[in-house]
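Trainee: Sequence:
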Amino acid sequence: MLARMSHKIRSLHNFVTMILINSRNFVLLAGAILLPISTGFGQESPRPSPPPVTRADVPYGEHPNQVLDFWRADTGVRAPLAVYIHGGGFRGGSNKRINANTVNRLLASGINVASVEYRFLKHAKLPAAHQDVARAIQFLRSKSGEWGIDTRYIGAWGGSAGAQLSAYLAWHDDMADPDSEDPIARESTRLVCVALQGCQSTMDLDWWTANIPGYEKPHRDVSDYLNEEGEERRRLIEEISVINHITPDDPPVYMRYNMKPDDPIPENNPSGWKVHHVNFGIAMQYKLLEAGVEVTLDYPGPETRFSSPEEFLIEHLAWRSQSALYRDFQPGVYTDESDETLHYQILKPANFDPAKSYPLVLFLHGSGGRGSANIRNLIDAEVPAHLASEEVRGQYPAFYLVPQCPGPNTWAMSKSLKRSSRNRPPVDHLVLGLVEEVMAAYPVDRSRLYVTGLSMGGFGSFGVVYARPEMWAAAVPVCGGWATQEADRFTRVPMWLFHGALDNAVPVDFSRGMYRAIKELGGNIKYTEYPDVKHDAWVKAYRDPELWNWMFSQRR
Numbered sequence: 001m002l003a004r005m006s007h008k009i010r011s012l013h014n015f016v017t018m019i020l021i022n023s024r025n026f027v028l029l030a031g032a033i034l035l036p037i038s039t040g041f042g043q044e045s046p047r048p049s050p051p052p053v054t055r056a057d058v059p060y061g062e063h064p065n066q067v068l069d070f071w072r073a074d075t076g077v078r079a080p081l082a083v084y085i086h087g088g089g090f091r092g093g094s095n096k097r098i099n100a101n102t103v104n105r106l107l108a109s110g111i112n113v114a115s116v117e118y119r120f121l122k123h124a125k126l127p128a129a130h131q132d133v134a135r136a137i138q139f140l141r142s143k144s145g146e147w148g149i150d151t152r153y154i155g156a157w158g159g160s161a162g163a164q165l166s167a168y169l170a171w172h173d174d175m176a177d178p179d180s181e182d183p184i185a186r187e188s189t190r191l192v193c194v195a196l197q198g199c200q201s202t203m204d205l206d207w208w209t210a211n212i213p214g215y216e217k218p219h220r221d222v223s224d225y226l227n228e229e230g231e232e233r234r235r236l237i238e239e240i241s242v243i244n245h246i247t248p249d250d251p252p253v254y255m256r257y258n259m260k261p262d263d264p265i266p267e268n269n270p271s272g273w274k275v276h277h278v279n280f281g282i283a284m285q286y287k288l289l290e291a292g293v294e295v296t297l298d299y300p301g302p303e304t305r306f307s308s309p310e311e312f313l314i315e316h317l318a319w320r321s322q323s324a325l326y327r328d329f330q331p332g333v334y335t336d337e338s339d340e341t342l343h344y345q346i347l348k349p350a351n352f353d354p355a356k357s358y359p360l361v362l363f364l365h366g367s368g369g370r371g372s373a374n375i376r377n378l379i380d381a382e383v384p385a386h387l388a389s390e391e392v393r394g395q396y397p398a399f400y401l402v403p404q405c406p407g408p409n410t411w412a413m414s415k416s417l418k419r420s421s422r423n424r425p426p427v428d429h430l431v432l433g434l435v436e437e438v439m440a441a442y443p444v445d446r447s448r449l450y451v452t453g454l455s456m457g458g459f460g461s462f463g464v465v466y467a468r469p470e471m472w473a474a475a476v477p478v479c480g481g482w483a484t485q486e487a488d489r490f491t492r493v494p495m496w497l498f499h500g501a502l503d504n505a506v507p508v509d510f511s512r513g514m515y516r517a518i519k520e521l522g523g524n525i526k527y528t529e530y531p532d533v534k535h536d537a538w539v540k541a542y543r544d545p546e547l548w549n550w551m552f553s554q555r556r
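In this text, residue positions in the sequence shown follow this note's numbering: the first is 1, and each later residue adds one.
Calculated directly from the structure, the hints in this document are not laboratory data. Hints may contain errors.
[As the list claims (entries may be wrong)] Derived SDA-like pairs (lysine to any residue); straight-line CA-CA distance at most 25 Å:
#: 1; residue 1: K526; residue 2: V508
#: 2; residue 1: K122; residue 2: G230
#: 3; residue 1: K122; residue 2: G61
#: 4; residue 1: K540; residue 2: Y530
#: 5; residue 1: K540; residue 2: N524
#: 6; residue 1: K415; residue 2: R512
#: 7; residue 1: K519; residue 2: P531
#: 8; residue 1: K260; residue 2: K274
#: 9; residue 1: K526; residue 2: R555
#: 10; residue 1: K540; residue 2: S367
#: 11; residue 1: K415; residue 2: P507
#: 12; residue 1: K96; residue 2: V533
#: 13; residue 1: K348; residue 2: Y358
#: 14; residue 1: K217; residue 2: I265
#: 15; residue 1: K96; residue 2: D532
#: 16; residue 1: K122; residue 2: S241
#: 17; residue 1: K534; residue 2: E546
#: 18; residue 1: K534; residue 2: A501
#: 19; residue 1: K125; residue 2: P218
#: 20; residue 1: K526; residue 2: R446
#: 21; residue 1: K143; residue 2: A56
#: 22; residue 1: K274; residue 2: D262
#: 23; residue 1: K540; residue 2: N504
#: 24; residue 1: K540; residue 2: R393
#: 25; residue 1: K260; residue 2: E294
#: 26; residue 1: K143; residue 2: Q131
#: 27; residue 1: K348; residue 2: S389
#: 28; residue 1: K526; residue 2: R489
#: 29; residue 1: K125; residue 2: E238
#: 30; residue 1: K348; residue 2: M471
[What the hints assert, rightly or not] Computed Cβ-Cβ distance ranges for the label pairs, DEER-style:
#: 31; residue 1: A124; residue 2: Q395; range: 56 to 66 Å
#: 32; residue 1: Q485; residue 2: R320; range: 40 to 50 Å
#: 33; residue 1: R91; residue 2: T335; range: 50 to 60 Å
#: 34; residue 1: S323; residue 2: S144; range: 18 to 28 Å
#: 35; residue 1: G301; residue 2: N269; range: 18 to 28 Å
#: 36; residue 1: N549; residue 2: P443; range: 20 to 30 Å
#: 37; residue 1: A100; residue 2: R516; range: 31 to 41 Å
#: 38; residue 1: Q395; residue 2: G301; range: 47 to 57 Å
#: 39; residue 1: K526; residue 2: N269; range: 52 to 62 Å
#: 40; residue 1: K356; residue 2: P408; range: 37 to 47 Å
It should be emphasised that the depicted structure is a prediction, and the values quoted were computed from it without experimental measurement. Each residue gets a CB set at the ideal place from its N, CA and C atoms; glycine is no exception.
Sequences are here, hints too, so could you generate the full structure?
Mentor: So this is what it looks like as structure tokens:
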């Protein structure tokens with residue numbers, strides 16, 4: 001049996017290698033190449049603190065370790081939920097060490113976040129941890145109304161032991177007990193997506209010795225994590241080995257490992273390398289493919305569709321749950337004379353009348369919206385959904401244009417402003433060409449062209465105004481900036497800048513400097529600085545009705 005599995009892993013490794021040689025982007029579904037998340041799940045390095053928790057140390061059971069933290073996304077409605085389950089060999093770790101950047105990005109995308117603690121081996125042997133995380137999911141579902149959780153869209157992510165627990169929830173049959181007198185126990189434990197880092201496919205250590213390079217003998221005794229003996233022990237090993245629960249009805253899976261299948265054993269931390277080896281992922285991928293489950297296997301070398309676990313979760317939670325918000329956007333592709341392309345989404349005016357002319361609003365997303373699928377530009381932040389709302393589109397009939405910046409590029413950057421050593425070619429020429437094409441295709445009022453954007457899009461807003469100042473009736477860069485020595489290019493366009501005083505990604509001095517420089521040259525410029533806001537000033541800015549009143553009152 002083990003020999004046959006080893007042969008299957010080598011065969012699948014060769015198959016995957018062939019695919020990667022011939023295809024840069026991949027997700028595999030029942031053996032067909034479709035579409036393909038990279039991550040930072042580890043807990044070892046120091047991280048900044050996450051944002052203030054909405055509900056801290058909420059008990060979902062009686063044991064002191066049966067607690068969770070919950071962050072509520074500011075959506076005003078029930079939102080999807082991403083659940084973090086930490087690793088630590090079932091012996092330690094902490095739900096408090098959740099990645100702050102991940103929490104911020106998920107919240108900004110309209111996704112609630114929970115971080116679950118569970119009992120360690122010193123408290124109770126396995127499968128206590130598995131039972132705990134199942135109970136935590138049921139508890140969270142029971143709080144859906146009070147906490148604003150859309151129970152149709154719950155996913156999980158974690159690393160190592162946390163990945164095993166996440167996979168257990170995703171692939172195990174639903175553990176809900178519909179006949180229980182306990183209402184929480186009647187809740188479902190199933191997930192709609194799962195992202196795994198360094199996940200072990202099995203707790204059968206004999207499989208490890210047969211299939212993991214350099215793993216010659218078990219690194220721990222089975223009695224460390226199981227009390228049972230004999231046949232009952234074998235049964236429990238099968239039960240907690242997640243690969244045994246894979247079936248065709250399982251949700252989309254992302255798996256990431258930090259080594260190639262044929263990498264040599266490293267001298268530094270060889271034990272950690274072995275117990276998180278990609279061969280575990282190859283074995284699970286093989287089983288998932290046989291079952292026809294959507295799976296992405298990511299390891300160094302090949303490019304995948306997603307560059308982070310957040311992107312995977314955002315697409316499978318935010319996009320699926322909020323797609324109705326974007327149903328009126330229409331996708332398109334602009335191609336210039338050099339065959340360069342730019343994907344975009346366009347929203348026509350409500351109650352569109354082709355006999356009338358309308359303003360055009362160009363929205364440029366931040367760096368998290370980059371890509372090629374024409375989706376992240378809509379869901380990376382809540383702004384496009386807000387553009388489609390009654391508060392904006394309903395009050396201000398206009399064309400709303402939302403292009404997507406290609407992955408390796410940026411919207412625009414002053415040659416006098418060197419913010420990064422990375423080579424990210426600007427695509428402002430494509431943006432301007434797209435605007436010209438839209439104006440030629442639709443009844444656009446050319447005296448009322450507006451541009452706004454956040455973060456990278458804030459720089460992009462400055463960039464398109466710098467390139468074509470005569471084109472724009474107004475510009476609203478949020479968390480952006482430009483080179484102050486080029487301020488004279490912006491004096492002809494009314495501008496309103498927004499920034500958070502505590503911004504730790506784009507220093508507030510960028511907006512302060514541009515405001516002072518343009519003001520001194522006699523430009524028509526306004527500036528709003530939020531004193532207690534970090535790198536998310538757009539949340540307040542775009543919710544301010546005065547911004548839209550001011551913008552749409554401007555004419556060229």
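Trainee: Against each hint, give a clear statement of whether it holds in the structure.
Mentor: Hints and how they fare:
no. : hint                     : in the structure
1   : K526 to V508             : holds, 15 Å
2   : K122 to G230             : holds, 22 Å
3   : K122 to G61              : holds, 17 Å
4   : K540 to Y530             : holds, 9 Å
5   : K540 to N524             : holds, 22 Å
6   : K415 to R512             : holds, 19 Å
7   : K519 to P531             : holds, 21 Å
8   : K260 to K274             : holds, 12 Å
9   : K526 to R555             : holds, 16 Å
10  : K540 to S367             : holds, 19 Å
11  : K415 to P507             : holds, 18 Å
12  : K96 to V533              : holds, 23 Å
13  : K348 to Y358             : holds, 9 Å
14  : K217 to I265             : holds, 15 Å
15  : K96 to D532              : holds, 24 Å
16  : K122 to S241             : holds, 20 Å
17  : K534 to E546             : holds, 21 Å
18  : K534 to A501             : holds, 7 Å
19  : K125 to P218             : holds, 18 Å
20  : K526 to R446             : holds, 23 Å
21  : K143 to A56              : holds, 14 Å
22  : K274 to D262             : holds, 12 Å
23  : K540 to N504             : holds, 17 Å
24  : K540 to R393             : holds, 18 Å
25  : K260 to E294             : holds, 21 Å
26  : K143 to Q131             : holds, 19 Å
27  : K348 to S389             : holds, 13 Å
28  : K526 to R489             : holds, 16 Å
29  : K125 to E238             : holds, 15 Å
30  : K348 to M471             : holds, 20 Å
31  : A124 to Q395: 56 to 66 Å : holds, 57 Å
32  : Q485 to R320: 40 to 50 Å : holds, 46 Å
33  : R91 to T335: 50 to 60 Å  : holds, 56 Å
34  : S323 to S144: 18 to 28 Å : holds, 20 Å
35  : G301 to N269: 18 to 28 Å : holds, 20 Å
36  : N549 to P443: 20 to 30 Å : holds, 23 Å
37  : A100 to R516: 31 to 41 Å : holds, 32 Å
38  : Q395 to G301: 47 to 57 Å : holds, 50 Å
39  : K526 to N269: 52 to 62 Å : holds, 54 Å
40  : K356 to P408: 37 to 47 Å : holds, 40 Å
Of the hints listed earlier, there is not a single one the structure fails to meet.
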